[in-house]
Amino acid sequence: MPPEDLAPEDLSSQDPEDLSSEDLAPEDVAPDELAPDQAAQWARRAGLPLEPGRTDLVTATANHIHAVVSTLRELDFGDVPPAFDTPLVPVAPQAPGTPSVPEARHEAL
Amino acid sequence: MRPFELTLADAAAAIRAKDLSPVELTDSVLARAEEVEGRLHAFVGVLAERARADAARAAQEIAAGRSRGPLHGIPMGLKDLVDVKGLPTTASSAVREGHVADADSTVATRLADAGAVLLGKTHTHEFAYGLTTPQSRNAWDTGRVAGGSSGGSAVAVAAGAATFALGTDTGGSIRVPASLNGVVGLKPTYGLIPRDGVTSLSWSLDHVGPLARTVRDADLVLAALTGRGVPYDSDGDLTGLRVGVPRTHYFDRVAPDVEAAVREATERLRDLGAALVDVEIPLTRYIQAVQWGLMIPEATAYHERTLRTTPELYAPDVRALLEAGELVLAGDYLRAQRARTLMRRAWARMMEGVDVVAAPTVPLTAARVDQHSVQWADGSVESVSDSYVRLSSPANITGAPALTVPVGQDGAGLPIGMQLIGRPLEERTVLRVGRAYEETRTDAGRLAPEPR
Chain H
1 MPPEDLAPED
11 LSSQDPEDLS
21 SEDLAPEDVA
31 PDELAPDQAA
41 QWARRAGLPL
51 EPGRTDLVTA
61 TANHIHAVVS
71 TLRELDFGDV
81 PPAFDTPLVP
91 VAPQAPGTPS
101 VPEARHEAL
Chain A
1 MRPFELTLAD
11 AAAAIRAKDL
21 SPVELTDSVL
31 ARAEEVEGRL
41 HAFVGVLAER
51 ARADAARAAQ
61 EIAAGRSRGP
71 LHGIPMGLKD
81 LVDVKGLPTT
91 ASSAVREGHV
101 ADADSTVATR
111 LADAGAVLLG
121 KTHTHEFAYG
131 LTTPQSRNAW
141 DTGRVAGGSS
151 GGSAVAVAAG
161 AATFALGTDT
171 GGSIRVPASL
181 NGVVGLKPTY
191 GLIPRDGVTS
201 LSWSLDHVGP
211 LARTVRDADL
221 VLAALTGRGV
231 PYDSDGDLTG
241 LRVGVPRTHY
251 FDRVAPDVEA
261 AVREATERLR
271 DLGAALVDVE
281 IPLTRYIQAV
291 QWGLMIPEAT
301 AYHERTLRTT
311 PELYAPDVRA
321 LLEAGELVLA
331 GDYLRAQRAR
341 TLMRRAWARM
351 MEGVDVVAAP
361 TVPLTAARVD
371 QHSVQWADGS
381 VESVSDSYVR
391 LSSPANITGA
401 PALTVPVGQD
411 GAGLPIGMQL
421 IGRPLEERTV
431 LRVGRAYEET
441 RTDAGRLAPE
451 PR
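Chains H and A supply the protein sequences, listed in that same order. Residues 1 to 109 (our numbering) make up the first sequence, in order. Residues 1 to 452 (our numbering) make up the second sequence, in order.
Calculated directly from the structure, the hints in this document are not laboratory data. If you're wondering where the values come from, they're calculated on a predicted model, not measured in any experiment. For glycine and all other residues, C-beta sits at the position ideal for the given N, C-alpha and C. There may be inaccurate statements among the hints.
Below, a sample of chain A positions facing chain H; criterion: calculated Cβ distance under 8 angstroms [to be verified]:
| no. | residue |
| --- | --- |
| 1 | E259 |
| 2 | R263 |
| 3 | R285 |
| 4 | L334 |
Could you build all of it, start to finish, from the sequences and the hints given here?
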C-alpha cells in the first residue's frame with residue numbers, strides 16, 4: 001500500500017519488504033496509478049534503472065506524489081502562462097520612450 | 001550579561017562603544033557553542049581558529065577607525081549549503097564527501113565584506129530536503145525536533161552559539177525552525193538575495209535569508225545581504241496599517257495554543273494602531289500540489305548525476321523522493337507553474353486590501369523526535385513534515401517576503417511563531433510590523449532555556 005503521505009521520515013521507516021509487488025495486484029492499482037513494473041519501466045526510460053528492492057518504495061512514493069499533483073488537472077488554465085514567464089510584481093504598461101524596468105529589479109522578481 | 005547573550009544590535013553597540021571587543025564576543029560565543037554542541041548538534045563543524053583570527057582582524061580594523069558597520073566582528077553561522085572558498089559545503093550529506101568550494105557564494109562575500117566572523121557551518125536536513133534536521137535537537141527541549149531544513153542555524157542562534165545565522169527556505173526552511181526554536185527568521189522576496197554559490201533544492205522556490213534573535217537583528221543582516229547598508233526605521237506606531245487575518249487555511253488544523261497566541265499577537269498589533277481586516281486566502285486546495293509539482297522535479301533534476309553514480313550515499317528518505325521525482329510528468333510540472341501564476345495573481349489581488357497578513361508560522365510547536373504524525377481535532381491525520389510546511393509554502397509559491405516572530409509558548413513551554421507576509425519587495429513593511437510587535441514584549445531576543 002502507498003504511504004499515507006510524503007513525510008520523508010515515514011518513508012525512511014517504511015520497510016520495502018512491506019511494499020512488495022505481490023501486495024499490489026493489478027486490480028489494486030488505480031487507473032491513473034503506476035504498477036511497480038510500469039514504474040520500473042518509466043524509471044528506465046528516464047535513465048535511472050531502479051536497483052532491486054527499490055521498485056515498490058519508489059512506486060508507492062511516485063503514486064502518492066501523483067495523487068497530490070494531479071489535483072491541478074481540475075483547473076482550466078486558458079491562456080495563463082507558466083510562472084517563469086511572468087513577473088512577480090505586475091509591471092504597468094509604459095509610455096513610449098520611457099526606460100524599461102531595470103534589469104536588477106527584474107532579477108529581483 | 002555574558003557576551004554570547006547579547007543580541008546582534010546590542011553586541012554591535014557595545015563594540016562601537018568600545019565596551020566589548022570582537023575577540024571577547026567571539027571567544028564567548030565559541031565557548032557557548034562548545035558547551036551546548038554535545039547536546040544540540042547544531043554545527044557540521046566549528047572553525048574556532050579561523051573565527052578567532054577573523055575576530056582579531058576585525059578588532060584591529062575597528063581600533064584603527066575602519067569600522068565596516070554593525071556586523072563587523074559579529075560571530076555567525078552559515079547553513080552548510082552556502083559556499084565559502086576553501087571549505088567543504090557538505091549539505092549534511094555523504095554525497096558531498098571530499099567537496100571543497102572553489103569560490104565564495106555572494107552572500108558569504110557580502111557578510112565577509114560587512115566584517116562578520118564565520119564561526120562554522122550549520123546542519124541542514126540533507127540537501128534541505130526535509131523539515132526536521134534529524135542531526136540536530138531543539139534548543140528548548142532536546143527530545144524535540146529542531147525543525148528544518150535550516151535546523152542547525154535556528155538551534156545555534158536560539159542557544160547563543162551564534163549571534164546570527166543564514167538559512168535557506170524552499171517551503172518554510174528558515175521560518176519553520178526559527179519558529180520551533182523561538183527566534184526570528186526572514187524569508188525575503190524571491191530573488192532579492194543572490195543564490196549563486198548556494199546549493200539548490202528547487203531553483204524556483206529557493207530563498208536565502210537571516211535567522212536572528214530579534215527583528216531588529218534580522219533587519220541588520222538583511223541590510224548587509226542586499227547591500228542596502230542602512231536598516232529600516234521603525235517607530236512602533238502602526239496607525240493606518242492594515243493587517244489581514246485569514247478566515248481560511250491559516251487557522252485550520254492549528255493547535256489551540258498556537259491559535260490563541262497568534263490571535264493575541266494580532267490584537268497587540270491592533271493596540272499599536274493597525275486595523276485588522278478579515279481576508280480569504282485564495283486557491284488553498286492547490287497549495288500542496290503546486291509546491292510539490294515544482295519542488296520535486298526540480299530537486300530531482302539538480303541531483304541527476306549523483307543519483308545515478310552514488311545513490312547509496314543519500315539518506316533513505318531523500319533518495320526515495322529524488323528517485324520518485326523522475327516519474328513526475330513534464331505536463332504536471334507545467335501545470336504547477338501555471339497554477340503558480342494564478343496563485344500569484346490571486347494573492348496580489350488579496351494583498352490590495354491589506355499591507356501584511358498575520359498568521360501562525362506552523363500549526364504545531366516542536367514535535368517529539370519520534371513523532372511522525374499529528375491527529376487534528378477534525379479527526380484528520382497529517383505527517384509532521386506536511387504540517388510544518390502547510391502554512392509557510394504559500395510565501396515560497398508567491399515569492400512574497402515572510403517573517404516569523406516569537407509570540408509566546410504553548411502549555412509545554414515550547415515556542416510559538418507568528419508569520420507576517422507582505423507584498424513582494426516590501427520587506428520594510430513586514431519588518432516594521434514585526435519590530436513594533438517585538439517592542440511590546442519584555443522577552444524579545446531571549447535565548448532558549450537550558451535544554452531539558
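Now for the hints, and whether the structure bears them out:
no.: 1; hint: E259; result: 23 angstroms, violated
no.: 2; hint: R263; result: 28 angstroms, violated
no.: 3; hint: R285; result: 7 angstroms, holds
no.: 4; hint: L334; result: 6 angstroms, holds
Hint compliance for this structure: hints 1, 2 are not met, and every other hint is.
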